[in-house]
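Novice: If you read the sequences in order, they're chains S and W.
Using the numbering used here, the first residue of the first sequence is number 1, and each one after it goes up by one.
Using the numbering used here, the first residue of the second sequence is number 1001, and each one after it goes up by one.
These are calculated hints, taken from the structure and not from any lab test.
Be careful, since some hints might not be right.
[What the hints assert, rightly or not] Derived DSS-like pairs (lysine-lysine); straight-line CA-CA distance at most 27 angstroms: (1) W:Lys1033 x W:Lys1168; (2) W:Lys1157 x W:Lys1033; (3) W:Lys1003 x W:Lys1157; (4) W:Lys1165 x W:Lys1033; (5) W:Lys1157 x W:Lys1034; (6) S:Lys3 x S:Lys87; (7) S:Lys120 x S:Lys9; (8) W:Lys1101 x S:Lys191; (9) S:Lys3 x S:Lys65; (10) S:Lys191 x W:Lys1093; (11) S:Lys3 x S:Lys60; (12) W:Lys1093 x S:Lys65; (13) S:Lys60 x S:Lys120; (14) W:Lys1093 x W:Lys1034; (15) W:Lys1168 x S:Lys9; (16) S:Lys9 x S:Lys60; (17) S:Lys9 x S:Lys191; (18) W:Lys1165 x S:Lys9; (19) W:Lys1033 x W:Lys1101; (20) W:Lys1168 x S:Lys191; (21) S:Lys191 x W:Lys1165; (22) W:Lys1034 x W:Lys1101; (23) W:Lys1157 x W:Lys1168; (24) W:Lys1168 x S:Lys65.
Nothing here was measured: the structure is a model prediction, and the numbers come from that model.
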Amino acid sequence: MTKLQNFSKGIIQENPVLVLVLGTCPTLATSTNVMSALGMGAAATVVLLCSNIVISALRKVIPDKVRIPCFIVLIAGFVTMVQMLVKAFAPVLDNALGIYLPLIVVNCIILGRAEMFAQKNNIIDSAIDGLGMGAGFTLTLVLMGSIREIFGSGTWFGMAIPVLSDNNISILTMAPGGFFVFGLLIALVNKISPDKAKKKIGCAGCPSAEICKAKSEKEVVAVD
Amino acid sequence: MIKLIIILLSAVFINNYILSRFLGICPFLGVSKKLDSATGMSLAVIFVMMIATAVTWPIQMFLLNPNNLGYLQTIVFILVIAALVQLVEIVLKRYVPALHKSLGVYLPLITTNCAILGVTILNIDEGYTFAESMVNSLGSGLGFMLAMIMFSGVRSKLEGADIPKSFKGLPITLVAASITSLSFMGFGGVIENMFA
């Protein structure tokens, strides 16, 4: 895999939100307008890049059995740094993101990439992977934020759009609109890539995948 | 007392964790297919939410705040919750095997659930007292359970429905969640006015 493919897979084939279906909570919650979507995307990208680099650098030092707690501590450290930077330099963004800023810690994308990529690859590849996944996450958030802001409040980055600002569908900026737009986007992705039409929740990236899998296998055995 | 009731009811209906705050969407989409797994998961969430709050609130108030360590909140809370869930699992396995059998499988899954970390941080942000925090956690957990159980019913109906191919699976689930969430918006303002 070339460096370019490594970067671009995060944006299209393995888009973390629309294809792997990870990080749904921040996607739904912060895409009410483009500005907060962009802020969330940028914050998560910074954390993802830093954690991927450090985890990849420490991949031979961290014992396999305690790797998940180690990853969580590293990620939480970077999240705290980003949190402090945002509080100091962009208080408006801090207000808009609120609780979702510290919750980047439990964003499945970050732990998922640490598990699936950073602990198996060298620093440069991991950094590129982090950037690509972050870009995919940010672009999807901005796309959803744009749809919800343009049709929901008739503005884009706060600029009024002539006809739509008088005829806005304000439900799109509220909770039901988030689910609805996300559902439509995934349906669109399914339509474009028919081979992936049967999509399941992205288990591969989830840190609990093994437990979850063991559990479902147990259930099958029990049924038999 | 009235304030506690208001906190409880608003956490269940108005600020429902899944349908209006978007916390804990992963288990909502992943485990709500069957009624029994939805119930098990939500019971585990209620249980861990209460314990996590009972531990993190004193840590914040008596350990972090007096020493000006408020900025360590995120790191400390996630570690405490992760350790706690492990501990609870071990204790349950040893002393209450029946409960472990029904909740155990869900416990590790919710360590990295944003609803748990979310409720502990929100309790601090809202400036709740200890009793209010516990009630808020209980309400949030019950709201989570309500949404999970309601939605497992919706999903079992969806299984047999004739829907366009590209909407099968996740998209139609999200659209259904949107409609469920719309119905919860009807509760807005009801609870405050009930006691006014």
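Novice: A separate judgement is required for each hint: does it hold in the structure or not?
Specialist: Structure-based check of all given hints:
no.	hint	result
1	W:Lys1033 x W:Lys1168	holds, 14 angstroms
2	W:Lys1157 x W:Lys1033	holds, 10 angstroms
3	W:Lys1003 x W:Lys1157	violated, 38 angstroms
4	W:Lys1165 x W:Lys1033	holds, 19 angstroms
5	W:Lys1157 x W:Lys1034	holds, 11 angstroms
6	S:Lys3 x S:Lys87	violated, 34 angstroms
7	S:Lys120 x S:Lys9	holds, 17 angstroms
8	W:Lys1101 x S:Lys191	violated, 41 angstroms
9	S:Lys3 x S:Lys65	violated, 31 angstroms
10	S:Lys191 x W:Lys1093	violated, 46 angstroms
11	S:Lys3 x S:Lys60	holds, 23 angstroms
12	W:Lys1093 x S:Lys65	holds, 21 angstroms
13	S:Lys60 x S:Lys120	holds, 9 angstroms
14	W:Lys1093 x W:Lys1034	holds, 25 angstroms
15	W:Lys1168 x S:Lys9	holds, 25 angstroms
16	S:Lys9 x S:Lys60	holds, 26 angstroms
17	S:Lys9 x S:Lys191	holds, 19 angstroms
18	W:Lys1165 x S:Lys9	holds, 25 angstroms
19	W:Lys1033 x W:Lys1101	holds, 20 angstroms
20	W:Lys1168 x S:Lys191	holds, 11 angstroms
21	S:Lys191 x W:Lys1165	holds, 8 angstroms
22	W:Lys1034 x W:Lys1101	holds, 17 angstroms
23	W:Lys1157 x W:Lys1168	holds, 13 angstroms
24	W:Lys1168 x S:Lys65	violated, 38 angstroms
In summary, the structure is inconsistent with hints 3, 6, 8, 9, 10 and 24 from the numbered list given earlier, while agreeing with the others.
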